[in-house]
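S.K.: All chains should be built: construct the whole structure from the sequences, respecting the hints.
Read top to bottom, the protein sequences are chains D and A. Quick note on my numbering: the first sequence kicks off at 1 and runs consecutively. Quick note on my numbering: the second sequence kicks off at 1001 and runs consecutively.
If you are wondering where the hints come from, they were derived from the structure by calculation, not from laboratory data. The structure displayed is predicted, hence computed values, not measured ones. All C-beta atoms in this analysis are idealised placements derived from N, C-alpha and C, irrespective of residue type, glycine included. Please note: incorrect hints may appear among the correct ones.
Claimed, not checked - Quick list of simulated restraints, FRET-style, between CB atoms:
1. D:His253 to A:Gly1069: 25 to 33 Å
2. A:Lys1070 to D:Lys60: 26 to 34 Å
3. A:Ala1076 to D:Gly443: 41 to 49 Å
4. A:Glu1041 to D:Tyr245: 29 to 37 Å
5. A:Pro1065 to D:Asp28: 39 to 47 Å
What the hints assert, rightly or not - What the simulated footprint calls covered on chain A by chain D, stretch by stretch (three residues with Cβ under 8 Å from a Cβ of chain D suffice, anywhere in the stretch; the number is not a length):
6. 1013–1021
7. 1024–1037
8. 1064–1078
9. 1082–1095
Said to hold, decoys possible - Chain D side only, calculated, beta carbon under 10 Å to chain A, not exhaustive:
10. Leu244
11. Arg261
12. Pro309
13. Arg323
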Amino acid sequence: MTKANEMTIVEAVRALRARELTVRELWDACSAAARAKNPELNAYLEIFDADDTAINSAQKRIGDGDAPLLCGIPIAIKDNILIEGKIASAASKMLANYRATYDATVIKKLKNTGTLFIGRTNMDEFAMGSSTEHSAFGPTKNSHDISRVPGGSSGGSAVAVAAHLCIAALGSDTGGSVRQPAAYTGLVGLKPTYGAVSRSGLIAMGSSLDQIGPLTKTIEDAHVLYETIRGIDILDSTTIPDGLYGVLASPKHLRVGVPWRLLENGVDADVLTTFNTTLAHLTDTGHTLVDVELPMSSHALAAYYVIMPAEVSTNLARLDGMRYGLAERGDTLLEDYIKSRTEGFGEETRRRILLGTFVLSSGYIDAYYKKADAARAVLRREYEKAFESCDVIAFPTTPSPAFKFGQKSDPLSMYLEDIFTVTANLTGMPAISVPMGMVEREGKNLPVGIHFTAPHQSENSLFAIGEAVY
Amino acid sequence: MATTEDVKKLAALARIRVEDSELEKFTSEFDAILDYVGQLEKLELPKGEKVKPTLRNVMRVDGEPHAAGKYTEKLAEQFPARDGDALVVKQIITHD
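M.R.: If you want it as structure tokens, here you go:
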């Protein structure tokens, strides 16, 4: 039998019901692995003690035979998702001692199913970054090669799953923060349709872009976790009802759109070869390829790096050292604010707040923010048009495999990491990264991912095409 | 081109201090980012009617409010300084 902590959700569900494994044994296996490996990997900011009541009640529900799938499954939670009574720091000094006063909606839903929470995972501060190097508590290391980053910002969640320190994890995705680390660690990462999953209790970064999503070992697992956390929520008025965008049929053989022109430059040769091999496998199994043109995509990253910082600077304005979080004190109230914010925020966070302040300032708002917003609308229409001729759109999740620590020390080169993933956040469409193979760098095999985007609320097409990749 | 003065001014607006030692680096990085996102200024967007967003009602009916004070203690526990259930802050208006 597979070691308990190395199981997928579906395998663990089966083993628990077959009485081959108890909830306690599954918890202990994950917890022991997490405690043994975390000093090296730094995937967790905190590993929780066993909650005996929750473990026993999960075991009883499974025994009674009416337990939901996730009952008794230990999962890891990104440190920007609130669990009542636990610290939620968003990997920032600003919130290092902040204890959540309520459960995020996704946590409430998981608690109802009897899911167990094993710990809170490391991330780039306030989810800003693509490597976890911006965490105030040290970077997370990629378990495939510890000299390399795991991607970010949900890098801790990714490594916790990839290194088998939990069964699955939740991350959040504002510009690729679930999908890029999934690609770098060989996992499945889903960014649901904007509004599919409630953001209540997610520490906000870019409110028009953020979505919580699963990081899992298989497509099936991502599907299970997604079905559990999704749904309209009275506490988040941007959540959407089923069928808002109409119900699209998900045919057996999918038409896969490929924006070849966007892949002409900048993608590593072996990543492109792996991508082509994967596409060939898809056509062998009956799916068809379609050329699509998405010219506005070339400007998507620029639009994103205007809209996102604008929202960041607004959202983080509430952190002022007054009601909670870091509270540094000076001679005047103004100094209290400035000292708390300067001490509390890391360099990248401060940079994005300044950038956001700039693009929203009088004299620049038309040239930057309004233009970016208009480009975003055009991009969305281009995607909608492209989906008239295809069911999903494919490209590599990232142009290269995981990079080394310190390799992208200038901010702009780090931003370019998101070049393929940001479009799904700007359009609000669901997207998934699925492992498509390995490429070699300096004698180490590193995973790379294939990325699919689907029309709003067509997550089922993503799961279908994802299954076809294997 | 952003100048160090621009960055200082933005920092003041955002209630953040950028130390003098960081100012040069911040300004040059800022410039590189603005140069990149500046491609939007030259971007020609297709003309045509502005598409109106489809609106739907997201307001909800007021439900039963929770009991007064239910969350007070939990929230007050996070206060950096408190006086009973009140949050202590510096005096803003003085009579001097």
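S.K.: State for each hint whether it applies.
M.R.: For each hint, the structure was consulted:
1. D:His253 to A:Gly1069: 25 to 33 Å: For His253 of chain D and Gly1069 of chain A the Cβ distance comes to about 60 Å; the hint is violated.
2. A:Lys1070 to D:Lys60: 26 to 34 Å: holds, 30 Å
3. A:Ala1076 to D:Gly443: 41 to 49 Å: violated, 56 Å
4. A:Glu1041 to D:Tyr245: 29 to 37 Å: holds, 33 Å
5. A:Pro1065 to D:Asp28: 39 to 47 Å: Distance hint for Pro1065 of chain A, Asp28 of chain D holds at roughly 44 Å.
6. 1013–1021: holds (count 6)
7. 1024–1037: Result for this restraint: holds, n = 8.
8. 1064–1078: Satisfied; 5 residues make the cut.
9. 1082–1095: Held - the segment 1082–1095 of chain A has 4 residues with a Cβ nearer than 8 Å to chain D, which meets the minimum of three.
10. Leu244: holds, 8 Å
11. Arg261: Arg261 of chain D check fails; min Cβ-Cβ to chain A is 17 Å, beyond 10 Å.
12. Pro309: holds, 9 Å
13. Arg323: With a closest approach of 6 Å, the Arg323 of chain D hint holds.
Taken one by one, the earlier hints fail for this structure at numbers 1, 3 and 11, listed in ascending order.
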